[in-house]
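Asker: Single-letter residue listing:
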Amino acid sequence: MAVCIAVIAKENYPLYIQSITTENELKFHYTVHTSLDVVDEKISAMGKALVDQRELYLGLLYPTEDYKVYGYVTNSKVKFVMVADSSNTALRDNEIHSMFQKLHNSYIDVMCNPFYNPGDCIHSRAFDNMVTSMMMQVC
Amino acid sequence: EQEKGLGALEGVGFRVGQGLSERLTKETPSFKDELDVLKFLCKDLWVTVFKKQVDNLRTNHQGTYMLQDDHFLLLSQLSNGKQYLEEAPKFLAFTCGLVKGALSNLGFDSTVTAEVLVMPCSKFQVVIQKS
Chain A
1423 MAVCIAVIAK
1433 ENYPLYIQSI
1443 TTENELKFHY
1453 TVHTSLDVVD
1463 EKISAMGKAL
1473 VDQRELYLGL
1483 LYPTEDYKVY
1493 GYVTNSKVKF
1503 VMVADSSNTA
1513 LRDNEIHSMF
1523 QKLHNSYIDV
1533 MCNPFYNPGD
1543 CIHSRAFDNM
1553 VTSMMMQVC
Chain B
69 EQEKGLGALE
79 GVGFRVGQGL
89 SERLTKETPS
99 FKDELDVLKF
109 LCKDLWVTVF
119 KKQVDNLRTN
129 HQGTYMLQDD
139 HFLLLSQLSN
149 GKQYLEEAPK
159 FLAFTCGLVK
169 GALSNLGFDS
179 TVTAEVLVMP
189 CSKFQVVIQK
199 S
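Chains A and B, in that order, are what the protein sequence lines are. All letters in the first sequence, in the order written, are residues 1423 to 1561 by this note's numbering. All letters in the second sequence, in the order written, are residues 69 to 199 by this note's numbering.
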């Protein structure tokens, strides 16, 4: 199951970061931060190679001993990072893909909210609910 | 007084452009370069907002683009003579902001100006800032 979900702005600061437990939260923040390097690497590789490099979903960024980290970047260079528990091997790639799609849809709704200034931290309750349901769902 | 009003309109257009570009680029593959982004503006964005594509896109390949719409939706209800030529730019302020906001969300800072020489044809000039 997803243990931590983060939305990172194009300038690489977090717009939203939520972990499933409050202990070890700092560790997840750190993991997300280090995964940004891998994301940037993949994005710049995309710019050079011309073969099928039109995907937004970046796939598995890197595995650690307990966790796997997945990435997704939008056309506006906003990055979504998801940290998932390695012990749950039933989590397949296309499930992660669909979770990112849901995240993207909710992010678009936040963007279209006229009371939200792009670049601010995301405080939307609907977004929170969606993220919480995603973290609970794949148990 | 007029300047402030037009500025406010452009600001609203900017915010709408940001949200709209986010929604419209959800499924599109990532853009290769600046020209790709402008083409997206001329086709997908323009069709969504104005029900038609931009009629002509010109560029000097150095960051300046000219979008020409021969039958601009917001001017189509006004008469085609010279009568309202002076008032026409007021109707273009929102659209300038829209283009600016969409470009900004996709990573390009720009200045957008518009002019109307013959109703209802409008021309939007986009200058992409080099960072």
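Any given hint could be a false lead.
As the list claims (entries may be wrong) - Computed beta-carbon distance windows for the label pairs:
| # | chain 1 | residue 1 | chain 2 | residue 2 | range |
| --- | --- | --- | --- | --- | --- |
| 1 | A | D1550 | B | G73 | 33 to 39 Å |
| 2 | B | Y152 | A | C1543 | 41 to 47 Å |
| 3 | B | E155 | A | P1536 | 23 to 29 Å |
| 4 | A | N1551 | B | Q70 | 41 to 47 Å |
| 5 | A | V1460 | B | D138 | 46 to 52 Å |
| 6 | A | P1536 | B | E71 | 47 to 53 Å |
| 7 | A | K1499 | B | G79 | 19 to 25 Å |
| 8 | A | E1463 | B | D138 | 24 to 30 Å |
| 9 | B | Q136 | A | Y1452 | 50 to 56 Å |
Unchecked claim - In silico negatives: residues of chain B with every beta carbon more than 12 Å from chain A:
| # | residue |
| --- | --- |
| 10 | V84 |
| 11 | G87 |
| 12 | G131 |
| 13 | F159 |
| 14 | S172 |
| 15 | V184 |
These are calculated hints, taken from the structure and not from any lab test. Please read these numbers as outputs of a predicted model, since none were measured by experiment. The beta-carbon is built from N, C-alpha and C at its ideal position, and this holds for glycine as well.
Asker: Work down the list of hints and note, for each, if the structure agrees.
Answerer: Each hint, compared with the structure:
1. Our hint of 33 to 39 Å for A/D1550 and B/G73 holds, since their Cβ atoms are close to 37 Å apart.
2. In this structure the hint that B/Y152 and A/C1543 lie 41 to 47 Å apart at CB holds, the actual value being about 45 Å.
3. A C-beta distance of roughly 27 Å is found between B/E155 and A/P1536, which places it inside the suggested range of 23 to 29 Å.
4. Our hint of 41 to 47 Å for A/N1551 and B/Q70 holds, since their Cβ atoms are close to 44 Å apart.
5. Here the CB-CB span from A/V1460 to B/D138 is close to 48 Å, well matched to the stated 46 to 52 Å.
6. Judged by the Cβ atoms, the range 47 to 53 Å given for A/P1536 and B/E71 is violated: they are separated by roughly 23 Å.
7. Between A/K1499 and B/G79, the C-beta spacing of about 23 Å keeps the proposed range 19 to 25 Å intact.
8. For A/E1463 and B/D138, the hinted distance range of 24 to 30 Å is not satisfied, since their beta carbons lie about 45 Å from each other.
9. Here the CB-CB span from B/Q136 to A/Y1452 is close to 51 Å, well matched to the stated 50 to 56 Å.
10. With 12 Å as the threshold on Cβ separation, the claim that B/V84 sits away from chain A is violated: the shortest Cβ distance comes to roughly 8 Å.
11. Here B/G87 does not stay apart from chain A, with its beta-carbon only about 4 Å from theirs, under the 12 Å limit.
12. Non-interface call for B/G131 relative to chain A: holds, since the shortest CB-CB distance, roughly 19 Å, exceeds 12 Å.
13. Here B/F159 stays apart from chain A, with its beta-carbon at least about 21 Å from theirs, past the 12 Å limit.
14. Consistency note on B/S172: stated as away from chain A, yet its beta-carbon is not over 12 Å from all of that chain's, at 9 Å minimum.
15. With a least CB separation of 28 Å from chain A, B/V184 remains clear of the 12 Å interface cut-off, as annotated.
The earlier numbered hints that this structure contradicts are 6, 8, 10, 11 and 14.
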